[in-house]
Amino acid sequence: MTPGKEIIYLDDAATTPVDPVVAEAMQRCLSGGGAFANPSSIHIAGRASRAQVERSRAQVAKLLNTAPGNLVFTSGATESNNLAIAGAARFRSHRGRHLVSMPTEHKAVTDCFAALEREGFEVTWLEPDQRGLLPIGDLEAAIRPDTQLVSIMHVNNETGVIQDIHQIGDACRRHGVLFHCDAAQSAGKLPIDLSALPVDLMSLTGHKFYGPQGIGALYLADRPECRIRPLFHGGGQERRLRPGTLPVHQVVGLGAAAAIAVERQPDDLAHAERLNARLWKGIRDVRGITRNGDPGHCFPGILNVSIDGIDGESLMLALEPLCVATGSACNSQSGEPSYVLRALKLTDRLAQSAIRFSFGRFTHESDIDAAIGVYTGAVDRLRSIMPKATA
Amino acid sequence: MTPGKEIIYLDDAATTPVDPVVAEAMQRCLSGGGAFANPSSIHIAGRASRAQVERSRAQVAKLLNTAPGNLVFTSGATESNNLAIAGAARFRSHRGRHLVSMPTEHKAVTDCFAALEREGFEVTWLEPDQRGLLPIGDLEAAIRPDTQLVSIMHVNNETGVIQDIHQIGDACRRHGVLFHCDAAQSAGKLPIDLSALPVDLMSLTGHKFYGPQGIGALYLADRPECRIRPLFHGGGQERRLRPGTLPVHQVVGLGAAAAIAVERQPDDLAHAERLNARLWKGIRDVRGITRNGDPGHCFPGILNVSIDGIDGESLMLALEPLCVATGSACNSQSGEPSYVLRALKLTDRLAQSAIRFSFGRFTHESDIDAAIGVYTGAVDRLRSIMPKATA
Amino acid sequence: MSSEEPYNDTVRRHFANPAHAGDLQAGYPHAVAAEVSESEAGLRILLSAQSDGNIIYRLRYRVFGCPHLIAAAEELCSRLEGGPAEGLQDVPVAQLMELLEVPVEKTGRLLLLEDAANALHEACCRLLPGNHAGQEKGTKLARKQSKD
Amino acid sequence: MSSEEPYNDTVRRHFANPAHAGDLQAGYPHAVAAEVSESEAGLRILLSAQSDGNIIYRLRYRVFGCPHLIAAAEELCSRLEGGPAEGLQDVPVAQLMELLEVPVEKTGRLLLLEDAANALHEACCRLLPGNHAGQEKGTKLARKQSKD
Ligand SMILES: Cc1ncc(COP(=O)(O)O)c(C=O)c1O
Ligand SMILES: Cc1ncc(COP(=O)(O)O)c(C=O)c1O
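Residue numbers (our numbering), protein chains in the order written: chain A, 1 to 391; chain B, 392 to 782; chain C, 783 to 930; chain D, 931 to 1078.
By construction, these hints were calculated from the structure, which means they are not laboratory data. Do not take every clue at face value.
As the list claims (entries may be wrong) - Coverage of chain A stretches by chain B, computed from C-beta distances (three or more under 8 angstroms per stretch; other residues unrestricted):
id, segment
1, 77 to 86
2, 171 to 181
3, 242 to 254
4, 377 to 384
Here a beta-carbon is modelled for each residue, glycine too, at the ideal position from N, C-alpha and C.
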């Protein structure tokens, strides 16, 4: 880190800081006398670890209002998405090989589908409307007799656009098609009631809601249809769907994060709304700025803006020590304009200037104010370097 | 945990306690101001995380005497084994579909091969000799023109038997076949020099050498042959071989564990030898006891013994609060006699009575002495309950 | 108690304090015994009693087997000791399974205990006045082998 | 500096303090300018100088582009200002790439800067006594469009 510069962290959509209560629960596992034993061991220490694991499973289940037995721990949403999508597609391949998704999904979904295409599956990619939403009629039209699975995310990681997963799930149920939902950006942040939602498979990851990185879960509805093939094999852990020694401190961290989210989710959301309004108020008068994603359908923890005639890469450097994302954190090393923004009909030129501000429980209003200052200052400074006609 | 009983933990082969220095390094990441950002983010905080990740990679590389670029982080040895074996087999399937392994491998290997058999690969299972070792002539005889991969573990998790991986690797190189080695039980505990070893792929996991659970690595030799298919997709992390947000605290913990192992490995090994001798001295006179695995070819951190005419399950309960394993921790919930021990020609009756004591850096001689007392006492007590002629 | 605990408190108590473990063979007057075994898991159960054929004055077991089986034998012996010999004919298998939370896959083990008790009952009956056998020798041993 | 840092210290210094950013257009005597652009990434470079055709008294740039390109323009201007106009013909592209650790995939951007400098050189030449153009108007703007 550049010494002497205090960072301003507004990149919660890439990863959130770990809640201190979560960190403490994890530390208890890791330190002498904690639950460190292998939860598969049948001795006393192993059973103590197992009890912690099952307590955490119940905590995550409570967050989603489902039964603990419907959850399988994974290493994160990338793995959960792949396990759900490839797992269901391969398990059901003898019935049909048609799948449906959107190009605006996270790479962990689109790349998984791309790999399935190479395996001989056929994928229909549905485009969002200009607001970023899936037109439900397009979905119904895309479903065929051989369609097996639809995968649509809950909250988009770049724009914050919220899909109507209840409506999508209803359509899938009507057509007898499985519905997987990548809820990496919404779990723990928006209310999710799996007892009421027609969702068959749902992915989540700890590090997007103040839990640890490297641990996530896959929800599988308790329906005979929701059977999947594992991605890998060995040991009998997690109903054989996800073998490997369960990392107790990680699972405990995820459980603690879920327990906190159960309590704090409404307040966190209200807080995000206030921060979002404050940030937009502070930057909306910047010449040429536009907001990406329909504010009426967006998760307020994300604010994505573009400015016509600003180079995105230079903007990122000029913003230091403000930590924000250009496009998705997961794309950020590729340097290509975001597919998600292009799907919203932004020009490449606008898309490449996009900045995603994201924030949450641990963001202070002073962080927002500082970010406003840094952002408007950076835009001014870059404009002073650019040829006049461009800006 | 049963209150009032102080556990005696002799189950390091299932999972080791986390070294306090490792726990502290992890805690620094998890707490305010630590490296918590997404290492894929290009902002300052992301780059600080990335620097930590690469530092850890260099630490693990140093432990194995290889280049950091040859290592890919995974969620543990189960995943590393599957990534190596299924990844190489699938990548090379157009050249041939014959694979070679042993039934005494860990389930993460045997189950992976079993899944590949269902995919149409053919696996030759080589039996060990009575000492648990792979007869090298059998390996050479098994390799065919269409053989693509041989997978043999370094140290067996139940008996501690050490295979001669140098000799095995030489044979594989001679025949132009890839060699994968599951080093989950040896990495950080026995010297491993990948610059000198003819190994193409090697799996390791943090929680077997005082690092965290849920993080491991796969080594891929820098040879054109060592190309593999990923198990899942999304994001470009880890050379696209293992996508998903890198869990910084976990990677840092693995790196710290590796750095400590570089320093302490010889002392740890000498310590294990002393403990092993002490334990065997204390129990060798128990009537009917036999040692499983040739002591001349075993890792001293594991001592596996059987007693003719003792019920293994009752023994486990009688041993409380001593934490040891019956067979592999990973099999311990199945209740079946260990395949590894049966391959050593033990009768089912002997195999089911087997107890694996395993210990290491944090085991005190007083733990060993306490274990001797508990073990001999438990055997006596069970014998007093059993019909006389049995024992 | 977490569902992860393989043994409930009753099993643990009996296993820790197997008060009726032992046998009443050679040297005990009016002693009878019955032994059953199962070869696959190597289970063995030896029940022995001091009885006049009507009342079981003392009842002991020896078991080679798992904690559930040991606890079941202990529970059975403590229940039947001092009671009528017919008790041996009526082993409350289902009740024991419930009390001790025996996993269903171990049902066969409790049925083996039932076999042993039944065999012991037969041996007891032979102690009745009409049945002269077993009066001379201290112990009669009924043997049975099962495969279940 | 870790290999993870996208910009080295020189790039950061120039970016933070772009001393030669600006232009010398309308109003400046003896000013010439050249602009090049590339449509794919939307890059634009405008170089302007005060010169008598032999010496570049002042040299300024405006850039729409990434930090490497801005730093390269800054470095170039600070090197050539006060020197002979021929310097514009000899942009040390390889040296700049090395000094600023420009990723190879950005080579085209530095070649665009070279184009701009060459175009500016031509404009400067027109300021020489033999070349009457450019004496009356304050600025001559050479435009070039590239696609690389
Ligand atoms: C929508 C979405 N899905 C999946 C992922 C992948 O999650 P993870 O990094 O935990 O694998 C992310 C974030 O990285 C995300 O934002
Ligand atoms: C030899 C061996 N291989 C693989 C594994 C699996 O490692 P992990 O639990 O980290 O996935 C283990 C231990 O569990 C092991 O002992």
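Which constraints among the numbered hints does this structure fail? Numbers only, ascending. 2 and 4
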